[in-house]
Amino acid sequence: MTAAAVHAGGLADHIHPEPQGFVRRYVFSLDHKIIGIQYLITGFVFFMLSGLLAEAIRTQLLNPNGGFVAPQTYNEVYTIHGSAMVWLVVIPLLTGGFGNLVFPVQIGARDVAFPWLNMLSFWIFPVAGLMLFSSFLMGAPTAGWMEYPPISLQGAAGTSMWCAAIFLVGVSSTITGINFVVTILKMRAPGMTFTRMPLFVWGQFATAPLLMIATTALAAALAALFIEREFGVPFYDPTKGGSPVMWQHMFWFYSHPAVYIMILPGFGIISEVLPTFARKPIFGYKLIAFSSMAIALMGFMVWAHHMFTSGLAPFLQLPFMILTFAIGVPTGIKIFSWTATLWGGKIHYTTAMLFATGFVALFTIGGITGIFLAAIPFDLHVHGTYFIVAHLHYVLVGGSLMAIFAGMYYWFPKMSGRLMDERLGHLHFWLFFIGFNGTFIPMHWLGMLGMPREVATYDPQFTFWNRFETFSSYLMAISILIFFVNVIWSIRNGKRAGANPWGGRTLEWMVPSPPHYYNFKHIPTVYGLPYDFSQPLPYQGLDEELTDSPPPVAAGAH
Amino acid sequence: MVEDRAEPTRLGRGFWTATGVLAVLAVVSIVFWYEFPLESYLPAAIVTARQVDTLFRFMAATGSALWIFVAGYILYFSIAFGAKATDPPDAIGVQVHDSYKLEFWWTIIPSLFVVLLSIVSVRIWYEVMLEPQTGLVVQAIGHQFYFSFRYPEINGEVTNEMHLPVGVPVTLNLTSSDVIHGFWVPAMRLKNDTVPGLVTSIRFTPRLTGRYPIICTQFCGVLHSEMNKQILVIEPKPAFDKWYRLWQQKNAHVSNALPASGGQAIALQGGNIATGKQLFGQKCSACHKLAPFDQKLVGPGLLGVLHDPSHPNLVDGKAATPQDVAGILQSGFTGSMGTMPNAAANNLTPQDITDLVAFLNSLK
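Chains as they are written, first to last, in my numbering: chain A, 24 to 581; chain B, 194 to 557.
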């Protein structure tokens with residue numbers, strides 16, 4: 024029992040003893056930090072698997088006639104690559120992973136509101152992941168991560184397994200969403216008002232309702248697809264009176280908000296990393312927080328921009344186009360605020376900072392091409408082509424994945440008590456940055472010139488750029504290998520980090536690394552925003568023994 | 194709000210130099226996008242293709258100018274404000290929290306840009322959608338793994354190439370016999386999905402002769418990748434007419450029956466008028482009156498749909514033929530007059546359709 028002292032403060036200080044035994048502590052744990060780490064480990068394992076699938080895709084496309092794998096196998100490979108990256112990697116890493124790991128500490132809570140639900144939500148996730156990958160054994164789905172019927176009705180038996188797996192991940196997401204909303208609403212430390220919450224918490228707070236609300240539409244669509252495939256009840260088959268377009272509506276009613284599920288927590292990570300390493304308050308705190316909420320709300324009103332070619336009534340399309348343009352405004356505000364945060368800073372180029380600044384530059388490209396795609400006449404040209412592939416990877420890799428890497432380098436010391444190696448980190452960043460741009464920039468013009476997506480073979484006129492992309496993607500693979508080596512090596516051999524290696528000012532840096540079970544000896548009282556480097560730390564009542572750690576930078580500066 | 198401590202918050206000379214450099218780069222990128230010879234990489238085969246290019250140039254120019262400023266400032270700030278080895282370890286940056294003026298402008302200017310972009314896009318969208326409705330009507334039907342084409346006076350289907358005369362407006366009606374395909378001609382900068390059970394249409398006017406690939410853009414099965422071999426041939430009117438006559442002769446004895454799902458064909462002759470009348474009462478009269486066109490229920494009145502010259506044209510700006518009516522009954526209808534479910538949804542067999550066509554044909 025490390026943190027059993029009882030203090031005034033009632034419920035918040037009611038602490039159960041730390042569980043004993045490996046299984047209760049590390050396997051079926053109720054501790055949000057352990058669950059967060061479990062999510063990260065599982066997510067990165069799936070990341071490695073679907074990354075291998077990505078390299079298989081690129082290897083197939085070395086030659087215009089393919090030849091690396093059979094077309095049927097190729098279709099299975101990119102379908103599982105897309106599905107796994109979205110549902111088993113990016114969403115769980117950013118919400119279940121970093122969300123669990125960091126935000127309860129940041130709001131001064133001892134745990135999430137429903138620890139048992141949290142454990143349930145985690146344990147559904149690896150099971151669903153194994154189900155998804157096991158669909159390879161029975162003929163994996165081939166129609167891409169969107170699985171449009173009627174083609175998905177013709178898919179092999181694995182398509183039903185896919186439905187079940189994604190349905191389960193959705194259940195896990197929904198539970199996490201409920202848990203996070205309640206935690207943020209009810210469990211903030213005294214004085215932690217909404218306008219004093221760290222921006223990562225705002226990111227999670229904007230995301231959690233999306234997880235709760237949007238995922239239910241996907242669940243309904245998946246259940247219908249499963250029932251139609253297995254029991255023949257026609258929901259989508261037009262020859263039996265179903266509507267294939269209904270699937271598209273329900274799928275995108277989830278999957279557009281899902282884009283924000285995959286990026287808003289990333290925005291949160293960036294908004295923590297930038298001020299810490301620029302030694303400056305985040306620029307425009309309120310607008311950044313507010314724009315996250317605006318993006319989350321507007322994210323529900325733009326789904327049909329994925330369906331401009333699906334035969335919607337023309338005048339129905341216009342509001343979706345204009346609302347999509349309008350989402351550019353809150354997104355732009357964030358980008359400008361991050362850029363302004365750098366001005367006048369004392370910038371420390373840690374690997375986390377490199378990934379954060381790289382994120383701003385690359386995500387901006389994905390955001391701008393998103394505006395291109397919202398413009399209906401241009402979308403009617405490039406919809407369903409490699410231009411889309413380029414756009415979505417700039418958002419999900421240049422955006423979300425860069426944020427995940429930034430978060431890993433930033434919070435790894437908090438998880439493990441040790442720093443990751445910075446030289447390997449820099450190498451990882453530069454190889455990744457070059458490889459990523461080399462892989463995805465040419466896709467823009469390939470798409471515009473006539474290369475459709477989801478193809479196993481292509482017109483020989485595109486050979487040069489496809490080879491260029493494939494070799495660049497190998498560079499990315501090497502960089503990620505370096506990352507994994509760095510993580511594994513640093514767990515045992517990294518330099519000891521102490522409580523606050525970066526001079527961060529949010530609450531997680533005020534407790535030892537790794538934090539005690541139940542996080543705080545005393546729940547602190549919060550007096551202000553965490554980003555005022557010239558002010559004393561805005562916390563009182565913290566009574567931690569921060570041995571072997573230097574004092575927080577700014578406290579010394581005062 | 195500016196904190197008392199640390200350096201003043203004036204923007205230094207370096208900032209303005211950087212801004213000048215970035216402005217020059219932004220102008221260069223704008224000029225680049227407006228000068229870039231897009232059409233030498235991808236010909237503009239139809240009239241509106243150039244409008245789409247105009248929209249692209251506008252967005253690419255403004256977008257890359259914006260990106261140059263964002264990325265350029267990040268790069269400049271990173272270099273100019275990097276912590277130096279000589280700085281004390283607790284050195285902090287300029288403690289600026291926000292600037293309401295700056296935030297006001299970077300909310301307002303993008304908002305105004307959204308309005309501008311909306312106006313530009315809607316105008317071009319309008320031109321793409323507003324292509325004339327008269328002219329040649331062609332139907333493209335998606336199959337695993339090819340498109341087939343139907344022309345008004347050619348029996349049966351044309352399955353290898355699609356020919357169109359240059360300068361003649363075309364209405365292309367799209368549907369599918371199996372799964373969703375995407376009908377895309379990159380040189381047209383235009384595509385639409387072919388959705389089973391729906392008929393959607395795109396309208397355009399070819400402007401440049403040539404041979405352009407037709408590519409499927411929705412995953413449609415194991416050979417989806419190979420569904421890019423067909424060609425759209427845009428040719429001068431005389432050459433088109435020659436091709437057209439050739440196919441008329443070639444297909445003169447081909448049945449014009451529409452293939453129904455499940456492989457049954459729909460005959461257009463020999464339907465039973467009495468059965469058709471009965472079916473109309475059961476299946477159609479909930480939405481259609483046997484009255485002149487303007488007496489609408491859900492759909493238009495159908496009295497004289499095939500014979501009354503004053504009956505507005507249901508299909509593609511031309512008087513409807515029995516084949517058109519059978520097609521609507523089979524595949525459903527989506528258009529300015531609303532949406533009608535297909536045969537499967539209405540539970541109509543091919544024989545029912547034959548009878549209904551005979552009945553409607555009998556209404557003078």
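Mixed in with the good hints there might be a few duds.
[To be verified] Restraint ranges, calculated between C-beta atoms of paired labels, are given here:
#1 Asn516(A) - Ala278(B): 22 to 32 angstroms
#2 Glu419(B) - Glu78(A): 18 to 28 angstroms
#3 Ile64(A) - Arg316(B): 49 to 59 angstroms
#4 Ala432(B) - Thr96(A): 37 to 47 angstroms
#5 Lys294(B) - Thr548(A): 50 to 60 angstroms
#6 Lys443(B) - Asn86(A): 53 to 63 angstroms
Derived by calculation from the structure, the hints in this document are not laboratory data.
No residue lacks a Cβ here, since even glycine has one placed at the ideal position from N, Cα and C.
Evaluated hints:
| no. | hint | in the structure |
| --- | --- | --- |
| 1 | Asn516(A) - Ala278(B): 22 to 32 angstroms | 26 angstroms, holds |
| 2 | Glu419(B) - Glu78(A): 18 to 28 angstroms | 24 angstroms, holds |
| 3 | Ile64(A) - Arg316(B): 49 to 59 angstroms | 53 angstroms, holds |
| 4 | Ala432(B) - Thr96(A): 37 to 47 angstroms | 44 angstroms, holds |
| 5 | Lys294(B) - Thr548(A): 50 to 60 angstroms | 34 angstroms, violated |
| 6 | Lys443(B) - Asn86(A): 53 to 63 angstroms | 38 angstroms, violated |
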